[in-house]
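Go ahead and model the full structure; you've got the sequences and the hints to work with.
To convert a position in the sequence shown, counted from 1, into my numbering, add 7.
Straight-line distance between alpha carbons at most 20 Å, and here's what the computed SDA-like set of lysine to any residue pairs gives:
{"no.": "1", "residue 1": "Lys106", "residue 2": "Asn23"}
{"no.": "2", "residue 1": "Lys88", "residue 2": "Val119"}
{"no.": "3", "residue 1": "Lys88", "residue 2": "Gly121"}
{"no.": "4", "residue 1": "Lys101", "residue 2": "Glu91"}
{"no.": "5", "residue 1": "Lys106", "residue 2": "Val29"}
{"no.": "6", "residue 1": "Lys101", "residue 2": "Cys37"}
{"no.": "7", "residue 1": "Lys101", "residue 2": "Ser114"}
{"no.": "8", "residue 1": "Lys13", "residue 2": "Lys106"}
Hint data in this document are derived by calculation from the structure and do not stem from the laboratory.
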Amino acid sequence: MSIGLKNEFGTIEISNDVIAQVAGGSAVECYGIVGMASRHQIRDGLTDILRKENFTRGVVVRSIGEDLHIDMYVIVGYGVKISEVAYQVQSKVKYTLSKQLGMTVSSVNIFVQGVRVTNL
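Written out as C-alpha cells, the structure is:
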C-alpha cells in the first residue's frame, strides 16, 4: 500500500515501508530509545531489538481518508522518564516526515514494549 501526493507536476506515490523506515530511523535517534521492537512479539521473539533494515516490523502506518496515523513499538532505556521520551519521539517523527516526505501526520502512537538496562 502507498500514499499518494499530488502537485502541479504530477503524482508522487510513497510506499508505507518507506514511511515506516524514515519514522523508525528518526525514532532511534531520540535520547532514551534503545531500539525498535517488533509489533508481533510472540511470533518474532520477545527480546529482539530490530536492526536498521527491519524498522518496518516495528512501525505500523495507517492511512484513514486524508489522515496519516503511525504506531511505533519501542524499547526504552532504564531510568528515563518514559512520558518525556515518548513525547520527544512523537515530535521528532512528525517533524522528520514533514521535512523529508512533505507529509502531515495526524497521530504518532508510542507503544513501549520493554525497558533495557544499558551501560552498566
